[in-house]
Each structure stands twice: as C-alpha cells, then as structure tokens.
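S.K.: Chains as they are written, first to last, in the numbering used here: chain U, 189 to 252; chain W, 16 to 677.
The set of hints was computed from the structure by calculation and includes no laboratory data.
All values reported here derive from a predicted model rather than from experimental measurement.
Hints should not be assumed to be uniformly reliable.
Pairs of lysine-lysine residues, derived as DSSO-like cross-links and limited to a Cα-Cα distance of at most 27 Å, are as follows [stated by the list, open to error]:
hint: 1; chain 1: W; residue 1: K254; chain 2: U; residue 2: K206
hint: 2; chain 1: W; residue 1: K390; chain 2: W; residue 2: K441
hint: 3; chain 1: W; residue 1: K503; chain 2: U; residue 2: K243
hint: 4; chain 1: U; residue 1: K199; chain 2: W; residue 2: K549
hint: 5; chain 1: W; residue 1: K441; chain 2: U; residue 2: K204
hint: 6; chain 1: U; residue 1: K206; chain 2: W; residue 2: K441
hint: 7; chain 1: W; residue 1: K254; chain 2: U; residue 2: K199
hint: 8; chain 1: U; residue 1: K194; chain 2: W; residue 2: K254
hint: 9; chain 1: W; residue 1: K147; chain 2: U; residue 2: K199
hint: 10; chain 1: W; residue 1: K601; chain 2: U; residue 2: K206
hint: 11; chain 1: W; residue 1: K254; chain 2: U; residue 2: K196
hint: 12; chain 1: U; residue 1: K204; chain 2: W; residue 2: K147
hint: 13; chain 1: W; residue 1: K257; chain 2: U; residue 2: K243
hint: 14; chain 1: W; residue 1: K508; chain 2: U; residue 2: K204
hint: 15; chain 1: W; residue 1: K144; chain 2: U; residue 2: K243
hint: 16; chain 1: W; residue 1: K254; chain 2: U; residue 2: K243
Some residues of chain W that are not near chain U, with every Cβ distance over 10 Å (derived) [said to hold, decoys possible]:
hint: 17; residue: R173
hint: 18; residue: Y208
hint: 19; residue: W289
hint: 20; residue: T372
hint: 21; residue: F583
All C-beta atoms, glycine included, are put in the ideal place defined by N, C-alpha and C.
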Amino acid sequence: MFGSSKIKLDKDLLAKIKRLADLAGYSSPEEFITHALEKELAQFEGAESEEEIKKRLRGLGYIS
Amino acid sequence: MRASNTRWLRPVAVVALAALAMGIVPDPGAARAAGRRVVVLGFDGMDYTFTRELMAAGEMPNFERLIARGTAQPLGTSVPPLSPVAWSTFITGMDPSGHGIFDFIHRDPETLFPYLSTSAPEETGDPVKIGKYQFALSGGGYELLRKGTPFWEVLEERGVETTVIRMPANFPPSGTATRELSGMGTPDVLGSYGTFTFYSSDIFLEERNVAGGEIRPLDLWNGVAEGTLTGPDNPMLVKPTKLTSDFTLYVDDRADVARLVVGDTERVLEIGEWTEWIDVDFELLPPLFGFLPLAPNLTAMARFYLRQVRPEVELYVSPLNFDPYRGDLPISTPEEFAAELAEISGRFYTQGMPEDTQALKGDVLTPAEFLQQAKIAGDEVEAQFLPVLERYSDGLLFYYFGNMDLVSHMMWHVMDPGHPAFDEAKWGPYREAVRELYRTADRIVGRTLDSIDDDTTLIVMSDHGFASWRRTFSINAWLRDNGYLTLKKPGKKKASILSDVDWSRTRAYGIGLNGLYVNLRGREGKGIVDPARKQALVEEIRRKLLAEVDPLTGAPAITKVYVTATDFEAGPYLEIGPDVVIGYAKGTRGESDSALGEINADVYTDNTDDWGADHGMDHETVPGIFFSNRPLAKRVTGLKDLAAAILGEFGIDGFPRAADSS
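The whole structure should be built from the sequences, with the hints applied where relevant.
M.R.: Set out below in structure tokens:
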C-alpha cells in the first residue's frame with residue numbers, strides 16, 4: 189500500500205504494531221500505520237482535512 | 016406522553032413565591048416587568064419593499080390589521096447583512112465587535128482554515144480503549160461561539176418568563192431562557208448542516224459526493240432494490256468505521272408503488288410521495304451471543320421520497336436528523352422541551368435550515384419537489400407555533416420562521432426574467448412561489464392577532480431583505496490581479512490560500528462572504544504586513560474597491576467598504592473579525608469559492624446558480640421589516656435597537672450592558 193516507497197521501522201516497533209493492529213481491529217499493520225499517521229498529520233493540518241471542512245461548509249447552501 | 020400543563024408553568028413564578036416566603040424584598044424592576052406580554056415573530060429574509068408592495072395590492076390584509084394603530088418601517092440590518100450576524104446583533108444589541116459573529120465563516124489566523132462562525136464541536140477527551148473498542152469519558156458536545164448577553168437573559172433576571180423558539184445563532188441553546196429550541200446552526204446526525212442521500216438504480220449514475228449531499232447506487236434485482244444509509248463514525252470503535260443501516264424497496268410489478276422497509280418500519284409509497292419521519296437504527300455493537308445488547312443503538316430519523324420506480328428506481332432520503340424525543344443532542348432548554356414540542360405536533364426537522372436548497376442546486380430535486388420539501392419543513396414550524404401561542408400567557412414569546420429566507424434564495428430570481436439563471440421552462444411555473452411565502456406569513460400574523468389581547472405587544476420583524484443576485488465578484492481573484500495576493504505558480508487557474516499562496520509576497524486575502532483580512536505580522540501564521548502600516552494598506556484597498564466598475568454592467572460593483580477598526584464599535588471581539596467588510600452593490604455578491612479561500616481565474620462572473628437571490632450586499636439596500644401593533648416606547652431604527660426596545664416594553668433600561676460592549 190506504500191506503492192514503491194518503503195519506510196524503515198525498528199523491529200521491536202514493527203512487532204508491536206503487528207500485535208496491536210490486530211487487537212484494535214485493523215485488517216493489516218499497514219492500515220493501522222496509515223490511520224496513525226493520518227491522525228498525527230491532522231493535528232498539524234487541523235482536526236479535519238481541507239476537503240472535509242469545505243464540503244461541510246458548502247452544505248450551508250450559502251456557499252455553492 | 017402528552018405534555019403536562021405543569022411543564023408550562025413558570026419556574027420564575029415559583030422562585031418569586033419562594034423569595035417572598037423567605038422575606039426577600041423583590042426587585043422593583045421585576046414588579047414593573049411582571050404581567051407584560053410581548054410576542055415577536057421573526058421572518059428570516061422578509062423584504063420591506065416587497066412586503067409593502069403586496070400590502071398595497073391588498074394581498075396581506077392581516078399585516079394591514081397589524082399596523083392599523085402601530086408601526087410599519089424598514090429595519091436597518093447588520094453589517095454584513097448575513098443571518099448569523101444579523102440575529103446575533105438582534106440578540107445582543109451589539110455589532111459584531113460585541114458578539115463576535117462577523118460572517119457565516121471565520122478563519123483560524125494561524126492556519127487560515129475556515130470554520131463555521133456560530134458553534135464548534137468540543138474536543139472529546141481521550142477515550143478508554145479496550146482492544147478494538149473505545150469508550151469516551153467526556154466531551155462530544157458543541158460550544159456556542161456567539162458572545163454577549165442575550166436580551167432574554169435580562170428579562171429572566173427580572174422575573175419575566177421567556178420562550179425563544181429557533182432563534183438563529185443560538186446552538187447549543189443559551190440555557191438562560193425558560194424554554195428554548197435551537198434553530199439555524201444545529202447540525203444533523205453526521206455533524207453537517209444537512210446531508211441528503213439520493214439513491215438510483217441507474218448503473219451509469221456515478222457514485223459521488225456533491226455539496227450538501229451524496230449520490231449512491233441502489234442494487235436492483237427482480238424488483239427488489241437494496242441500499243445502505245451511512246451514518247457517522249462508530250464512536251465505540253478505535254478504527255474509524257462508518258455506521259451503516261440497510262433498507263429495501265420492493266417495487267410493484269404493475270403499479271407505480273413500492274414497499275419501503277427500514278428496520279422495523281414498513282411503508283407503501285406511491286411515486287411522488289414523502290414519508291413521515293422514519294426511525295433509522297445504527298447498531299454500535301453487535302449483541303452478545305446474538306441477543307444480549309451491549310450498547311444502545313444510535314437512532315436517527317429521516318424522511319424518504321420515492322421519485323420514480325421505472326425505468327430506474329430513484330429515492331431521496333433527507334439528512335439524518337436527531338430525534339427530538341431522544342435528547343441525543345442539546346437542542347432545547349429544558350432538555351425535555353424538544354420532546355414536549357414533538358408531543359404536541361409531531362416530530363420535526365431538528366437540523367437548522369432544513370429546506371434542502373442543495374438538493375435543488377444539485378438537480379436531485381426539481382423546483383416542484385424542492386417546494387414540496389420546503390413546505391413540509393415550513394408546515395412543521397407553523398403547526399408547532401399555534402399550540403405554543405395557545406399556551407403562552409405572559410412574558411416574552413419569540414418565534415422564528417426560516418422558510419421565507421431559504422425558499423426566497425431559490426425562487427426570488429424567478430421574478431427577475433433578466434437573471435442569468437432564469438429559464439422560462441424550468442422556473443416560469445413558480446412565479447407565485449415567493450408571493451405565497453408572504454401570504455403564509457400574513458396568515459400566521461392573522462392567527463396571532465386573533466389569539467392575543469389588546470394589551471399584548473406584537474412585533475413582526477426580519478433580519479434583512481432580499482435582492483436578485485445576478486453578478487458575482489471574487490475578492491481573492493481581485494486581490495491577486497491588483498498585486499495584493501501572490502500565487503506560488505502565477506498562472507494557476509484554480510488555487511487555494513491553504514496551499515498555493517506565496518505568503519512572503521501576500522498582503523491581503525479573503526475569507527467569508529464579505530470578509531477581507533490583512534496578512535498581518537504577529538497575527539497571521541505567515542504574516543508580513545507591519546501593524547503600523549495596516550491602516551494605510553486598508554485605506555488603499557478601500558479606495559480601489561470603491562472605484563471598481565463591473566465591466567459588463569458599467570455600474571459600481573461595490574458601494575460600501577467598512578473598515579472594522581474604525582467603522583465598527585470597539586467591542587471586545589473586534590480582533591476575531593476581518594479588517595474590511597465589503598458591501599457589494601445590490602445585485603452583486605461575493606463568490607462562494609472565494610468565501611472558502613479559493614482563488615479562481617475571473618473576478619467577475621454571471622451567477623448561473625439556482626441560488627439566484629441573496630442579501631450579502633450593501634446593508635442599506637436590503638433592510639428588514641419592523642411592524643408592530645402599537646408604537647413602542649423606545650425608538651427603533653435598526654436591529655441593534657430592537658432588543659432594547661423590547662426590554663423597554665417591560666420597563667427595563669440599560670441594554671446592552673456596558674460590561675458586554677467594552
């Protein structure tokens with residue numbers, strides 16, 4: 189799911205991710221990592237993505 | 016579960032009796048205020064000139080009755096004349112610097128992300144996690160961002176009972192009225208301002224999200240169509256997972272009907288028929304061993320509309336609304352008041368601004384279907400009003416009607432055949448639509464006059480008027496073309512201030528329908544303008560904007576430019592707002608994309624949108640109405656004076672309070 193890019197992770201961390209990903213209901217460690225990164229990035233970008241915020245505001249009607 | 020009359024007894028009176036029993040000397044102001052009666056009907060977007068025209072034509076006899084011994088005048092609106100700003104001004108008696116609402120949309124000065132100005136979701140605390148499940152311990156509510164003291168709070172302090180129904184910019188409810196129901200700004204179950212879903216079995220229809228709604232496929236096989244309603248994220252799962260709820264339509268072989276099955280509800284629907292509110296259950300956790308419930312379901316409600324069954328099945332589902340019986344969202348004071356209203360006249364749209372303008376704009380509903388849906392929403396509000404009026408005995412009753420505003424946005428331009436979006440075939444049949452709204456308002460006023468006695472003051476008011484919106488002005492494109500805003504890639508046709516602007520060479524940007532901000536050092540995240548040079552820059556921009564001429568019409572595009580630092584009062588929230596508020600010429604409005612911080616190619620465009628009328632213009636061109644059945648003791652010229660005049664009817668002075676406005 190990372191395409192051609194690879195990211196190196198510490199072995200112990202990877203083992204922990206594999207264990208917790210399953211426990212938390214993720215279908216794969218990749219899905220868990222993606223979600224964790226998205227959540228962390230959202231803190232820098234704001235709670236929601238630009239697209240989500242704009243979609244919600246357009247729902248007001250006043251904004252087409 | 017009929018509402019007991021005791022619920023409508025005044026808690027204030029009980030407190031007053033208790034105070035007397037304890038030997039506490041009552042406030043003399045309270046004695047003056049007690050027993051007075053003032054009813055205020057607020058019709059959002061009711062235009063003064065058009066009202067007078069219809070009155071002169073004899074189409075509004077009850078308005079004539081109303082003003083026979085009273086007042087009829089235009090009501091000065093707020094700057095800018097947008098509903099959240101205008102109603103906040105009415106509520107607090109202050110301009111935006113005092114109540115903190117300058118537009119529908121504000122921005123975070125650090126990140127420049129836009130947000131809704133009136134309320135915000137509260138942060139949830141860290142949930143407790145057990146495996147893949149989580150349990151929130153706190154939060155999940157909403158915060159009212161409107162500041163200042165609402166006028167009804169002053170009445171309550173003097174022992175006057177107040178009932179405030181659907182006041183805009185009052186979600187969550189202030190908690191200070193005897194009874195309140197929130198209106199504009201109240202979200203749907205998805206946390207949006209209304210998200211419809213349109214289902215079709217047409218395999219060529221692309222599944223997509225549109226503004227204010229979603230287009231979804233319907234699996235049709237042998238006359239059975241199956242679809243899925245999508246709810247919010249399941250709050251009990253660590254992994255973000257949308258809640259879903261399935262429904263089925265069984266299409267009749269021969270007749271144009273279908274049987275709709277949603278959970279335990281079954282309903283036969285003819286083509287063109289709307290359902291009543293139907294429960295939609297979302298299961299948060301599967302039951303243990305298949306039968307032992309571990310968590311209650313999230314139950315929303317929706318109205319379904321069967322558009323057609325052949326050749327394809329098409330079904331519109333309203334936004335998922337919170338059920339007023341369940342109390343899952345704080346929409347009323349006291350909490351059970353929403354359920355009491357539902358008990359009186361049935362369940363109702365709890366989301367603010369329920370008229371589904373976006374479904375019409377997205378061609379999901381035709382104009383005729385939109386008017387049906389809007390009538391359903393308007394009828395709910397009217398059906399609730401009469402029992403509320405019957406139960407009202409004294410004090411203040413404020414009741415809001417939003418139908419006129421949202422339907423006028425979509426239908427007003429039908430009265431303007433020169434409008435760029437006007438098409439005789441599409442819109443011609445609806446020339447009476449806006450007039451019909453005014454006739455409905457007249458009927459409501461008539462019933463109110465029949466219900467009140469001679470000692471009751473009746474005020475009929477609106478927050479702003481209306482105008483055909485023919486031309487669109489993009490402030491961000493103008494700032495770019497005039498050298499105030501620089502793109503990283505200068506030729507880019509579609510850009511955003513969030514990703515495409517070179518802030519080291521940008522001095523101003525637009526956010527909101529009427530707002531312009533200086534990229535100020537020390538305030539904006541990447542600000543470059545020295546605060547000492549801000550005033551000169553603002554004056555320069557002001558001068559240029561006032562000189563703008565629309566190349567198509569040859570007329571000025573902008574007739575007012577307000578510099579907030581000098582034209583607004585020096586209230587405590589001045590810093591929240593824009594540095595400049597633009598008053599577009601009547602007939603011109605700010606571009607939608609620019610309001611969200613986008614920068615398009617053209618400064619001027621025709622408005623070809625179905626949303627063909629607006630009021631976000633020069634405030635002097637779109638006044639509201641102020642009619643009453645008797646002259647008020649205090650003079651009223653604009654929205655800002657009205658609350659003080661209402662308090663004056665109760666013998667109360669000194670509003671707004673000095674502490675709020677400084």
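S.K.: Does each hint hold? Answer for all of them.
M.R.: To see whether the hints hold, each was checked on the structure:
Among the hinted pairs, K254(W) with K206(U) is consistent with the structure: their alpha-carbon atoms are about 15 Å apart, no more than 27 Å. Under the criterion of a C-alpha separation no larger than 27 Å, the hint pairing K390(W) with K441(W) is consistent with the structure, at around 19 Å. Distance check on the hinted pair: K503(W) and K243(U) sit about 25 Å apart at the alpha-carbon level, within 27 Å; holds. Under the criterion of a C-alpha separation no larger than 27 Å, the hint pairing K199(U) with K549(W) is inconsistent with the structure, at around 55 Å.
Between the alpha carbons of K441(W) and K204(U) the distance comes to roughly 62 Å, so the proposed pair goes past 27 Å and is violated. With a C-alpha separation of about 59 Å, the suggested pair K206(U) and K441(W) falls outside the 27 Å cut-off, and the hint is violated. Restraint check for K254(W) and K199(U): satisfied, since their Cα atoms lie roughly 24 Å apart, inside the 27 Å limit. Of the pairs offered as hints, the one joining K194(U) and K254(W) holds, with about 24 Å between alpha carbons and a cut-off of 27 Å not exceeded.
For a cut-off of 27 Å, the pair hint linking K147(W) to K199(U) stands: about 23 Å separates their Cα positions. Distance check on the hinted pair: K601(W) and K206(U) sit about 62 Å apart at the alpha-carbon level, beyond 27 Å; violated. For a cut-off of 27 Å, the pair hint linking K254(W) to K196(U) stands: about 24 Å separates their Cα positions. The suggested pairing of K204(U) with K147(W) holds, with an alpha-carbon distance near 15 Å, which does not exceed 27 Å.
Proposed proximity of K257(W) and K243(U) is supported: the alpha carbons are some 17 Å apart, at most 27 Å. A distance of roughly 47 Å separates the Cα atoms of K508(W) and K204(U); the hinted pair therefore is violated under the 27 Å criterion. Between K144(W) and K243(U) the alpha-carbon distance is near 30 Å, which puts this suggested pair outside the 27 Å criterion. At most 27 Å may separate the alpha-carbon atoms for a hinted pair to count; K254(W) and K243(U) meet this at roughly 23 Å.
Residue placement check: R173(W) keeps its beta carbon more than 10 Å from all beta carbons of chain U (closest about 36 Å). Under the 10 Å C-beta cut-off, the non-interface status given to Y208(W) relative to chain U is violated; the minimum distance is some 4 Å. At roughly 20 Å from the closest C-beta of chain U, the C-beta of W289(W) stays outside 10 Å, upholding its exclusion from the interface. Chain U draws T372(W) into its interface by the beta-carbon criterion, the shortest separation being 4 Å against a cut-off of 10 Å.
Look at F583(W): its CB is around 22 Å from the nearest CB on chain U, clear of 10 Å, so calling it non-interface holds up.
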